[in-house]
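Going line by line, the protein sequences match chains R and H.
According to numbering that gives the first Met the number 0, the residues represented by the first sequence are 0 to 218, in order.
According to numbering that gives the first Met the number 0, the residues represented by the second sequence are 0 to 261, in order.
Hints in this document: simulated from the structure, not taken from any laboratory.
Check before you lean on any hint, since a few could be wrong.
[Claimed, not checked] In silico EDC-like pairs for lysine to aspartate or glutamate, Cα to Cα no more than 16 Å straight-line:
#1 Lys157/H with Glu88/R
#2 Lys135/R with Asp204/R
#3 Lys157/H with Glu165/R
#4 Lys101/R with Glu171/H
#5 Lys157/H with Glu90/R
#6 Lys184/R with Glu165/R
#7 Lys135/R with Glu97/R
#8 Lys153/H with Glu90/R
#9 Lys184/R with Glu33/R
#10 Lys101/R with Asp117/R
#11 Lys145/R with Glu97/R
#12 Lys10/R with Glu69/R
#13 Lys101/R with Asp157/R
#14 Lys145/R with Glu201/R
#15 Lys184/R with Asp204/R
[Claimed, not checked] Which residues of chain H face chain R? A few of them, derived with a C-beta cut under 7 Å, are:
#16 Gln124
#17 Ala164
#18 Gln165
[What the hints assert, rightly or not] Per the computed footprint, the stretches of chain H lying under chain R, defined by three or more beta-carbons under 8 Å from a beta-carbon of chain R, are:
#19 128–136
#20 140–150
#21 166–174
All values reported here derive from a predicted model rather than from experimental measurement.
We treat Cβ as the ideally placed atom computed from N, Cα and C, and that holds for glycine.
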Amino acid sequence: MTVMTPAIEMKDVLVRFQGKTVLNRFSMQLFPGEKVVLTGDSGLGKSTVLRCILGFVVPDEGRICIQGQELSTGTVWTLRRLLAYVPQEPELGNGTLEEWFKAPFSYRANLGLRKNLDRLPELLQSFALPRDLLRKEVSTLSGGEKQRAALIAAFLLDRKMFLLDEPTSALDRNNTNNVLEFLSKVPDASILAVSHERTFLEIADRIIELCPAGEDHAR
Amino acid sequence: MHAEDIDMLALAGYYALLVIPFGMMLWLRIPIIGKTLVAVIRMTAQLLFVGFYLQVVFRLDNPWLNTLWLAVMLAVADLSIIRGCSLKLRRFIFPLFIALFAGTAVPLFAFVGPLLSRPGLMDAQYVIPIGGMILGNCLRADIIGIRHFYEAIKNREKSFLHALAQGARLGEATRPFLRDACQAALLPTVATMATIGLVALPGMMTGVILGGADPMTAIKYQIAIMIAIFTGTAITVILAILMSVKSSFTWYGTLDPHAFRQ
Numbered sequence: 000m001t002v003m004t005p006a007i008e009m010k011d012v013l014v015r016f017q018g019k020t021v022l023n024r025f026s027m028q029l030f031p032g033e034k035v036v037l038t039g040d041s042g043l044g045k046s047t048v049l050r051c052i053l054g055f056v057v058p059d060e061g062r063i064c065i066q067g068q069e070l071s072t073g074t075v076w077t078l079r080r081l082l083a084y085v086p087q088e089p090e091l092g093n094g095t096l097e098e099w100f101k102a103p104f105s106y107r108a109n110l111g112l113r114k115n116l117d118r119l120p121e122l123l124q125s126f127a128l129p130r131d132l133l134r135k136e137v138s139t140l141s142g143g144e145k146q147r148a149a150l151i152a153a154f155l156l157d158r159k160m161f162l163l164d165e166p167t168s169a170l171d172r173n174n175t176n177n178v179l180e181f182l183s184k185v186p187d188a189s190i191l192a193v194s195h196e197r198t199f200l201e202i203a204d205r206i207i208e209l210c211p212a213g214e215d216h217a218r
Numbered sequence: 000m001h002a003e004d005i006d007m008l009a010l011a012g013y014y015a016l017l018v019i020p021f022g023m024m025l026w027l028r029i030p031i032i033g034k035t036l037v038a039v040i041r042m043t044a045q046l047l048f049v050g051f052y053l054q055v056v057f058r059l060d061n062p063w064l065n066t067l068w069l070a071v072m073l074a075v076a077d078l079s080i081i082r083g084c085s086l087k088l089r090r091f092i093f094p095l096f097i098a099l100f101a102g103t104a105v106p107l108f109a110f111v112g113p114l115l116s117r118p119g120l121m122d123a124q125y126v127i128p129i130g131g132m133i134l135g136n137c138l139r140a141d142i143i144g145i146r147h148f149y150e151a152i153k154n155r156e157k158s159f160l161h162a163l164a165q166g167a168r169l170g171e172a173t174r175p176f177l178r179d180a181c182q183a184a185l186l187p188t189v190a191t192m193a194t195i196g197l198v199a200l201p202g203m204m205t206g207v208i209l210g211g212a213d214p215m216t217a218i219k220y221q222i223a224i225m226i227a228i229f230t231g232t233a234i235t236v237i238l239a240i241l242m243s244v245k246s247s248f249t250w251y252g253t254l255d256p257h258a259f260r261q
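Whenever a hint applies, use it, and build me the whole structure from the sequences.
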């Protein structure tokens with residue numbers, strides 16, 4: 000029997016901020032193709048879990064592996080390229096939406112993916128965003144439009160592991176369903192999402208509930 | 000034709016004019032009277048000290064002494080930037096010194112060398128005042144640029160981290176912030192160049208005219224000094240930010256809180 004390597008693994012991760020324990024020896028595994036939702040009251044470190052995986056928060060103890068490789072100063076820049084991240088209330092900066100979509104393709108790591116921009120019209124349609132939105136200043140977009148734009152940007156980068164932080168919190172029911180339908184159709188996608196949405200929980204293969212004592216319950 | 004000397008007693012009497020701004024501050028209860036008083040005392044003490052020192056420097060006109068004077072000015076400017084931007088001394092003192100040195104030296108030596116064709120590059124009469132003007136502007140530009148750069152990254156942290164998550168290297172993720180910071184640092188010089196001569200007669204030109212030179216000579220000096228200042232500020236601000244980045248981010252690409260004083 001072969002043992003499947005987890006897409007993402009966190010083992011005994013301890014994070015403290017200014018003397019306060021945010022994550023207390025948290026462990027989890029996300030397997031390829033799996034959809035896992037992290038839930039729990041606010042302030043329990045759900046977003047910190049995603050930020051740890053991205054290397055934005057360095058754990059005081061414990062280890063994080065992505066596709067079997069330990070996250071460290073030497074590997075973080077390569078491993079980040081395997082992850083697609085949609086932050087909670089994304090900040091898109093300045094310029095038009097079209098410029099914002101194009102920006103990541105000017106990074107050396109994504110130069111070979113430029114052709115993916117051809118999928119932009121189709122993705123805009125899937126997420127019910129009008130095409131003329133591309134000419135709009137990103138600062139004028141609504142919260143829901145920004146969230147869907149961030150999701151589209153994640154899909155354009157052709158990554159297989161998605162870290163989604165409350166990706167549908169600003170969307171109405173129709174748009175939430177659109178997003179979930181799309182996510183469920185992405186082949187081989189491993190998804191780790193922070194969400195409280197019931198509909199999101201319904202499509203999850205597993206739910207991990209973060210508890211204050213650090214005793215996390217998997218369902 | 001030489002500038003009329005100012006009698007020391009008459010200059011002391013001229014301080015009486017300060018009654019007007021101090022009176023205004025008292026009347027409006029502007030809470031910077033103590034600070035202003037200290038600034039006036041410091042200005043007087045610093046300029047008198049520099050005046051006495053420069054008399055010696057000009058009399059000796061020794062290239063080594065002039066170099067030492069420039070080095071001291073660079074070190075003082077370096078410390079002012081570190082204090083003004085709340086940076087940690089040990090991490091930033093060397094990279095910022097290099098940025099200030101490059102921003103001052105390139106336009107200064109192009110001024111004294113090819114432009115004025117002076118036989119000695121380190122003549123006190125040219126190197127010290129022109130170097131001082133360029134350095135003063137480099138100092139201001141660096142403070143504006145560095146503060147703007149790090150404050151923008153802190154304020155727009157989400158957008159910065161999102162760029163890293165999308166595969167940007169540190170240089171790529173900081174590029175938009177570098178562009179904005181350089182623009183903020185260069186804009187005051189651009190605005191000065193656009194209005195110079197119309198709104199105010201600049202200090203350098205006034206000095207040259209008071210020194211007895213022809214106004215056209217003064218204008219040529221002013222044009223050259225504006226080019227020197229603009230070039231110097233552009234060189235120093237980009238170098239200062241780029242060289243500080245190495246000391247202010249972690250190996251994971253996030254801003255290192257230990258790089259800044261609380």
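Tested hints:
1. Lys157/H with Glu88/R: 9 Å, holds
2. Lys135/R with Asp204/R: Violated, because 37 Å separates the two Cα atoms, which is more than 16 Å.
3. Lys157/H with Glu165/R: Holds: Lys157/H and Glu165/R sit about 14 Å apart, inside 16 Å.
4. Lys101/R with Glu171/H: Holds, at roughly 14 Å.
5. Lys157/H with Glu90/R: Holds - the C-alpha atoms of Glu90/R and Lys157/H are around 6 Å apart, at most 16 Å.
6. Lys184/R with Glu165/R: Roughly 19 Å separates the two Cα atoms, so the pair is violated.
7. Lys135/R with Glu97/R: Holds: Lys135/R and Glu97/R sit about 8 Å apart, inside 16 Å.
8. Lys153/H with Glu90/R: Between Lys153/H and Glu90/R the Cα gap is close to 13 Å, so the pair holds against 16 Å.
9. Lys184/R with Glu33/R: Within the cut-off at roughly 12 Å; holds.
10. Lys101/R with Asp117/R: 11 Å, holds
11. Lys145/R with Glu97/R: 13 Å, holds
12. Lys10/R with Glu69/R: 11 Å, holds
13. Lys101/R with Asp157/R: 14 Å, holds
14. Lys145/R with Glu201/R: Cα-Cα ~24 Å, so violated.
15. Lys184/R with Asp204/R: It holds: about 14 Å lies between the C-alpha atoms, which stays within 16 Å.
16. Gln124: 47 Å, violated
17. Ala164: 4 Å, holds
18. Gln165: Where the cut-off is 7 Å and the nearest Cβ of chain R is about 4 Å from Gln165/H, the hint holds.
19. 128–136: With 0 residues closer than 8 Å to chain R, the stretch 128–136 of chain H misses the three-residue bar; violated.
20. 140–150: It is violated, with 0 qualifying residues against the three required.
21. 166–174: With 4 residues in contact (Cβ-Cβ under 8 Å with chain R), the coverage given for the stretch 166–174 of chain H holds.
Figure legend: structure checked against the earlier numbered hints; hints not met, in rising order: 2, 6, 14, 16, 19 and 20.
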